[in-house]
Amino acid sequence: MRAISPITPPAGKRPLRCRIFDPFRETPLLAWLFGAGLAVLLEHLLGESFAALVGLAKVPVLFGLMIILSKPLLFPGALLYVAVIYLLPLVTVALLLARPANTAAAALLRLGPAVSVLFHLALFYAVLHFWAEISGYREMTVKFTLIAVLLTLSLNLINGYMGEFSCSHPGFMALGAYGASIFSLSLFVNDPLFGKALLPAFLGPWLFPLGLVGGGLLAALGALLIAIPSFKTRGDYLAIISLAFLFIVKSLLENLPFVGGPRGMGSQPDYASLPVVFAWTAMGVWIMNNYVRSTLGRSLNAIRDDEAAAEAMSVNTRHTKMTAFMFAAFWAGVAGGLFAHMMRFINPATFGVQRLAEMLAMVYFGGLNSVYGSIVGAVSLNLLGEVLRPLELFKWIFIPLLLILVMIFRPTGLLAFRDFDAVRLVQPRSRDRQGGAP
Amino acid sequence: MTYFLQNVVNALQWGSFYALIALGYSMVYSILMLFNFAHGDIFMVGAYIGFGVATLLVALSAGGAVVLPGWLILVLTLLISMFLTALLGMLVERVGYRPLRDAPRASAAITGLMIGIILETGNLWLVGARRVSFPSLIPTATYDLGGVILTNKKIMIVLVALAFMLALHFFVRRSKWGMAMRAMAVDYVVVPLMGVSINAVARLTFAIGSALAAVAGILFSIAYPVLDPYMGIVFGWKAFVAAILGGRGSIMGAALAGFLLGFIEIFVAMAFPSTLRDLIAYSIIMIILVFRPHGFFGEPYSTKLRL
Amino acid sequence: MSLLRVEGMSHFFGGLRAVHDVSLAIEPGRLHGLIGPNGAGKTTIFNLITGVYIPTGGRVLFGGEEITGLPPHRIAARGLGRTFQDLKLWRHMTVLDHVRMARYATIGYGLFGAFFSTPRRKREEEEIEAQARRLLAMFDIEGLAGQLVTNLPYGVQRRVEMARALALEPKLLLLDEPTVGMTPEELNQMMELIRRINDEFGVAILLIEHRLKMVMELCDRVSVLVFGEVIAEGSPAEIRGDPRVIEAYLGRDAVAA
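Protein chains in written order, with the working numbering: chain A, 1 to 438; chain C, 1 to 307; chain D, 1 to 257.
Next comes chain A alone, as it looks inside the complex (with noise of 0.2 Å):
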């Protein structure tokens, strides 16, 4: 085994990274959520007269980026912007507010781990909901981004934790999609496809869940189809059944006139809002990365590594496999009714290989065996995508440049192989409770 020694650099000479970092090192995620709370805040309150002060005609949508790259003219104006509307307020709380957050942090944490994490989530939710309320685009791209993470993770409990290449994603996201938008246009909705609303329309918001799970149910059914003749044999037998899978599923709902074949099916009602979104992406990591960390989804890995000694190991590794590819297509067509309401229009060419070439990327880019990495890999490829937009063309050079460098440097991703662990996250991070932890 390699000895780590310690590294301790000469004082004043420390690395610059660090030098940045350090006055953080005790600020807990309380303190940089009321930060961010603050920056929001002061976007509201501000943001408009000062955009107009720095020259900038509305209020940049996306951190100023999108400004940058399609006027380079307005650079300076944007980064100010960014600079006094988020980063200042932001590491001024988070610097100030580090001793009395670390308190509070503890006191919740008293109150229970569960408590405190969804104390966490819920000022979360505050600030992205005040965020995105600045602009319609705004909202859009939090909810694809929130739908993109909920796919990258179901994708990745397949490619990654199993280790099996999976291509139908985008079919079991085509099937949820579909089964969701019959659910709710057959019974909400006076629709030319499905004819009259056999359910007052009222019903409709809350009833919503059961169109999702009955979607998700029914990309779960397709999953076992797969699953079936798939998991019998070994190698990259999946691959090529679940792209046949793919692209059966697509020609069958093109050919499909009741779900109006190629034209899709359009105007479902508008249930997907964002606290809606947000709802079942945060309970779908949380059930997701449930499922991983206990022994039953460790299993995973185990099968992965090497299927002979899990089954020695008294794994039942064909039911463990073909439960979790069920599972995650359950996800998948969550995610699909979801975005199905949020587009309110869907067709077969939606769930191509084109969604798949996305998903994947996500998946890879984000890092194999991770739900950081999910989240990571998914929030950033789609803001990328949303800032790069004013590059045109170029942004489709950009991000499978971007991949191909992550790959060669990190194949297995940015941030492969990390445990997610919610109570860990809402710690508090004062020295002393830590016991003079580095």
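Each hint should be verified, as a subset may be incorrect.
According to the in silico footprint, chain A covers these stretches of chain D (three or more CB under 8 Å from chain A) [stated by the list, open to error]:
1) 83-91
2) 98-105
3) 112-125
FYI, nobody ran anything at the bench for these hints, they're computed from the structure. Heads up, the beta-carbon is just placed ideally off N, CA and C, and yes, glycines get one too.
Take the given structure of chain A and dock chains C and D to it, following the hints.
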């Protein structure tokens, strides 16, 4: 009956494209154990290179600099495009695959996918979104054999495709390099012992596969002279499935599966509305895979994606 | 009653006869050696007993019940643990997770518990972890609980594998050449460990071994396998004197001499 025979002829032509593309997939898959998801787009680029070369030669010829007959332009186009596309294939191998030789195989599949996107985008940028049409190099001659319509182009396409497949077959079976390829398909370790470097074999594999994709691209352009930058996606994924259907380690299996796919598609379109083509074709493929999990000629193997 | 009875077990790979009419009986708590030259079919016998292959003929009884043809995980869950010649550790998993994984069959919280992190799951996972840590302590590797196995030296990896197999709480442990590639010092430690497992846990052990000396020192009974057939069985002393064994190991000339 004549209707049936006519469709056999059409299916042979249609299957030739799939078979030639599937060969490239299958070679990379059999020899390097990789999914080269960029291959469909290499086919597309090959067609465009062919378009560029042919247009240039036609212009030169029309300008009176050197007057070349159509068939010679065609042969030159084929050779030059094969060479250029082979270079592209080697570049793809060098940039996207060699740095990842020891990485998980899935990561290499992702770089392939990304290189494909770059090729599409690059092509869009160079040529634009409009479709371009391939110049007609040889006049079409039509023969009527008892109701079955043959054209000289169709015959040529099928024959050229078959000739290249046979050439590849003998190359892999008889030559020293072919032996190195087959050895590598079995075991990486022995190849350096034979005095051949793995990198050289990998480069050659990509070069040959890409050259065949260029052939497919040009033959396709002769039959259907309208090119668009996304033609690689439709063809690529289908040919990929065909390659796997042929079985790992069986290059000729891939070619046969390509023809099979062509036949399935043409005959499905003959019996059913054409919108059902993909649905039925893929359903048949799925059923075949359920009963023959290792493809037609593949040996059972038990490798997983290394992680 | 024997803990494990193998009755007339045969196996063919294609047309090739790998194991022919093998019978074995292992008593509870005993240490049984299985020796034989390379390619005699020792590992194949392990794979047949543990369900990796299904025997072409014959029966396997474990604790009086027939287990022939059961899938490996069900055989393992009944208390038949094994190790592998080539370790087969899970390269991306920690030492602790290795040992926890072997409790898979005893998990009672089910998928619902796994998804929603119910109190029952928390309780069970805590029990699993506590038990795993106890086992690691017994193997002197508790300090490495959070390490990935790939970072560990070979001797330690062997211990991890042994701890993993023991976490099944097996009644019988099949050890497949546990000392292969070990230094003399590691070898002595391993012999000590095997003895301790046998004494402290009361686990019966079926040991495949190449080194005759080790088998002779450790085992109560020894079976000798040559070309897929058991040619002799008895106490180490009996085996040592058996001319057929000497012939198989040293050749015909050695017997004559």
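Each hint, compared with the structure:
Coverage of the region 83-91 of chain D by chain A holds. Counting CB-CB distances below 8 Å, 5 residues qualify, and the rule asks for three or more. As drawn, the region 98-105 of chain D meets chain A at 6 residues by the rule of a beta-carbon pair under 8 Å; at three or more, the given contact holds. For the region 112-125 of chain D, the assignment as covered by chain A holds, since 7 residues bring a beta-carbon within under 8 Å of that chain's beta-carbons and 3 suffice.
No hint from the list above goes unmet by this structure.
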